[in-house]
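Letter by letter, the chains look like this.
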Amino acid sequence: MKRVIATVLAVAAVVSGCSSDPEEKPASPAEAGKLRVLAGSELADLKPVLDKAAQVTGVRVEFTFSGTIEGSETIASGKADGRYDAVWFSANRYPQAIPDAARRLGAQAKIMTSPVVLGLAKSKATELGWVDKPVSWSDIAKAAAEKRFSYGMTDPSASNSGFSALVGVASALAGTGSAISAAEVGAVKPQLKGFFAAQAMSAGSSGWLSEAYQRRATGEDPGAKIDGLINYESVLLSLNAGGKLPEPLALIYPSDGVVTADYPLTALKDAPEHARADHKKLTEYLRTPDVQRDIMSRTHRRPAVPGVELGKDFTAQTLVELPFPATEQAFDALLMAYFDEIRRPARTVYVLDVSGSMEGERIEKLRGALVGLTGANNDLVGRYRRFHGREEVTFIPFSGEPQQPVTFTLPETNQQAELDRIKQTAEGLETEGGTAIYSSLERAYQHLGAQPDDGRFTSIVLMTDGENNSGLDHAGFQRAQQQRSGRLKGVPVFPVLFGEGNKGEMEDVAKRTGGKVFDARDTDLQKVFREIRGYQ
Amino acid sequence: MKRRISIGLAVVLLAAVVVAIIFGSGGDEAEPGQQAAVVRGVGGSEKAAFFADPRVVAVFGKHGLKVEFDSAGSRQIATTVDLGPYDFAFPSSRPAAQRIKQDKKVNKVYTPFRSPMAVATFTPIVDLLSAQGVVHKGLGEYQVLDIEKYLALTGTRWDQLPGNTAYPVRKNVLITTTDPRNSNSAAMYLALVSHVLNGNQVVATPEAEAKVLPPVVKLFIDQGYTQSSSEGPFEDYLAAGMGKAPLVFIYESQFLDRQVRGDGSIRPDMRLLYPQPTLLSEHTLVPLKGQGGRVGELLSTDPELKRLAAEFGFRTDDPQAFLDLLADRKLSAPADLLAQAEVPSYETLERLLNEIAKYYR
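Residue numbers (this note's numbering), protein chains in the order written: chain A, 1 to 536; chain B, 537 to 897.
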């Protein structure tokens, strides 16, 4: 995530100054003509529009990116007070459901809209008989349960597109005609399990998901090709317009309804007066018909104001909007059921550097980061990113050579005893000796190769703070990866850069395995470990 | 935004409703050349377009004032918005104004605008509901939504209505409102349905409150997420159409305003229904400090401002200005609205809203 954010920030930084961590960096001072906005990372694509807006209105946007749930928690905790003037997520449904966040939201104006829909490779959509024909979420869930197609979707606790899809499909399957309640979640679990059985890829952000889909489709990534994506219509249309896909995506708008993001640019209630005036000036400008058309043609998002005709890329089909629950209770029931019972469980190997250089503060941080995933901090984000029911977690600590793997399997319910075991093991990590990165990574593949092919989401986290100085070298890893069997070859490795970790080598490992590098050199390791959870 | 100024429009004095007069509101005509004094107000989003109109800005300018208007939900204004920076509050209903008046110990308020609550919908929906006996013709050239019959249909999904091929959607027949926790139009919906659920009587006893609460909670909670100001769902109605919001509870003025603008946002298949019974929302200006009272006074007395208010679809004490506008623009809306429901007292409404809010936890 960090790297995507860093790229995105580099882009956005031209519009304005930018910081990547909502809580660690000092607040940017409030000043007239500058709007400090806590926003979803996908808004980086508005840069040209916001550049022009700054020229015309004199109001510059300074973005800090965050996920919706994380951002809502920042607002609710009061940490946004005085630090941001406005928030801009794909929807206000989540913060509005948390009373302490809701009461801090002020004037809001919708800027653009995009429904979350299913995009399937055209041949697959044709094979399923889903082209130019009404398809309901029940049809989709049924075909998914029969594994007639596979798809990627973002982690619903990390990204709004995944969250919208989860809530939408649950509401549609419940079929009560009204917003799904916490009590109704139980009844739709079997159907939801069928629906999510076909999910073949998860990600912490909509942008990375669509890039990874494209890389797999073109064969650039070793992972198995997947048939489609659940994502914003705008992301799917952009993929098609990019022209890099071997075959375009057919967009399927379920007949029983979709959930639409409406991007409300929302002033915070306690923002200074000049900021509220700037917010008004900017939103009025962004909502003028010409700017709405500009946004539509650049980003493939629909206009939010009446009277602006839809471009010809958009379907003429009437989109039914599913009712979306309004309570945190309903969201929580759905998310917890998703993680503990519904989704395909994960199998993750953590290859952990405990060499001599990790001694002191570093090993403390590593222990803390792992303990953080056992639910020790029960804040909102921590609650959804901890190890969940049915999950299989293996630790391979290493120094001059890999230690014996230690595996934990969490039961569907009553997970505390196993979580405590993980916690104890993490707290017992001790440092000594050299750094055998690649031999230890090979040990992880060996472990995974010995496990049954039981449909788990499988990945490796490789955390190291230095250069490889023992055992197999980087070239050896490259050779081994080339020779690996199909199933293991596609297992993504998520290297975590820490201390003096070798950036170039780690990027190569990520690239060759279809993974992604996470940089913990300037960010709290616990945050990074949480972030990776969205991809597991 | 540019509007054709109607020449045939009769200019009629609209009397301000002055709730209590103890102190005069001060403030005189500006001397020519004097710089306009900034007056800041906060109120329901449905009035934002009026204050932003260049002709309205010009009239205030003539009187030496520059009005800056921020939108916020009426109930938010009455409860959580920091009113410190504002010279006046302009909520969309009398109960919210009453609360601010009490809190801020204001003596004199103005009610320059009023607007009946209405339901914006589409022709296929009107046809379906007519077949169910929920919609019928009113006394003039307008159609009526029978609230009692509507309530009886709310547990039903659209796709369960017999012979429905026009809108076979798996969603309940349900009016979309704003968030009852902070917006006035949702409170008006509560007032309306509670009146009908209570046997066409205003809810005024603990027994009546207990009786109406479970069904009204369902009418809100079943909608799921709702937006906090009345422009939100109306904009969805205009921009996203029937799939998102087939029935939207709005102020009549919102619809008329768009019709008068003639900007094409009201398409030929869009219809406005008047609930039976009807309910009037009284936009009430509460002066807080400085020149706030002067704004209320001008809105109530200045003939040009009153004429412009009618162009934004607002009704006043004098029905003629409104009727002339309709005639001039060839629009139709009921001249008189019979069978008006009564808004419960501020205390009753607050108690009900607070009870409903508990179900959002």
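Think of the hints as simulated: they come from the structure by calculation, not from any bench. Virtual Cβ for every residue (Gly too), placed ideally from N, Cα, C. One or more of the hints may lead you astray.
[What the hints assert, rightly or not] The calculated lysine-lysine pairs, modelled on DSS-like cross-linking and capped at a C-alpha distance of 30 Å, are: (1) A/503 - A/365; (2) A/269 - B/641; (3) A/281 - B/825; (4) A/269 - B/640.
[Unchecked claim] Not close to chain A: a few residues of chain B, all C-beta gaps over 10 Å, as computed: (5) 600; (6) 621; (7) 641; (8) 736; (9) 760; (10) 840; (11) 855.
[Said to hold, decoys possible] With the Cβ distance kept under 10 Å, some of the chain A side facing chain B (calculated, not the full set): (12) 99; (13) 103; (14) 110; (15) 145; (16) 147; (17) 179; (18) 217; (19) 219; (20) 256; (21) 306; (22) 318; (23) 329; (24) 485.
Of all the hints numbered above, which does this structure not satisfy? Sort the numbers upward. Those not satisfied are hints 6, 9, 15, 16, 18, 19, 24.
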